[in-house]
Amino acid sequence: MRKAFFKDRLIYFIAVIITMAAGLASRHFGELLPDFVREHFGDALWAAMIYFGVRMVWMNRSKELALIVSLLFSWAVECSQMIQIAWLNEVRSTMLGALILGRGFLVMDLLRYAVGILCVYGIDRYFLSNKKA
Numbered sequence: 000m001r002k003a004f005f006k007d008r009l010i011y012f013i014a015v016i017i018t019m020a021a022g023l024a025s026r027h028f029g030e031l032l033p034d035f036v037r038e039h040f041g042d043a044l045w046a047a048m049i050y051f052g053v054r055m056v057w058m059n060r061s062k063e064l065a066l067i068v069s070l071l072f073s074w075a076v077e078c079s080q081m082i083q084i085a086w087l088n089e090v091r092s093t094m095l096g097a098l099i100l101g102r103g104f105l106v107m108d109l110l111r112y113a114v115g116i117l118c119v120y121g122i123d124r125y126f127l128s129n130k131k132a
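In numbering that gives the first Met the number 0, the protein residues as written are 0 to 132.
Just so you know, the hints here were simulated from the structure itself, not pulled from any lab data. Virtual Cβ for every residue (Gly too), placed ideally from N, Cα, C. Fair warning: there could be bad hints in the mix.
Listed next, with one range per pair, are the computed distances between beta-carbon atoms [as the list claims (entries may be wrong)]:
| id | residue 1 | residue 2 | range |
| --- | --- | --- | --- |
| 1 | ILE82 | LYS6 | 39 to 49 Å |
| 2 | ARG102 | PHE5 | 31 to 41 Å |
| 3 | PHE104 | ILE67 | 15 to 25 Å |
All chains, full assembly: derive it from the sequences and hints.
Following this line, the structure appears as structure tokens:
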């Protein structure tokens, strides 16, 4: 039982790392990618990483709860970009701050997050989990 718990957690951790690497690669090699991929995949992958992170932490909770929590978290981070406070803008001006918090509010990002989370929710539901959670 305990061994399976850590194995499942490891699967989600690896999914976080792979998704993070894919997101960073989509930013770094953006000029080599088709326009659609360059414009949309980075944000969708960021939100997918959040979903996998939530699943890793709350494995014993339902996938639907992970979907809702990751969607609300992603949207909260996006909406926080409308808050313009000097110290927060300083954080956003760094590379790490921009990757985590973003720089400017875009309604399109909300849709990208939803699509990314829904895609990995489907992957989680049908491929990663062999039991109903």
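Evaluation of the provided hints:
{"no.": "1", "hint": "ILE82 - LYS6: 39 to 49 Å", "in the structure": "holds (40 Å)"}
{"no.": "2", "hint": "ARG102 - PHE5: 31 to 41 Å", "in the structure": "holds (37 Å)"}
{"no.": "3", "hint": "PHE104 - ILE67: 15 to 25 Å", "in the structure": "holds (21 Å)"}
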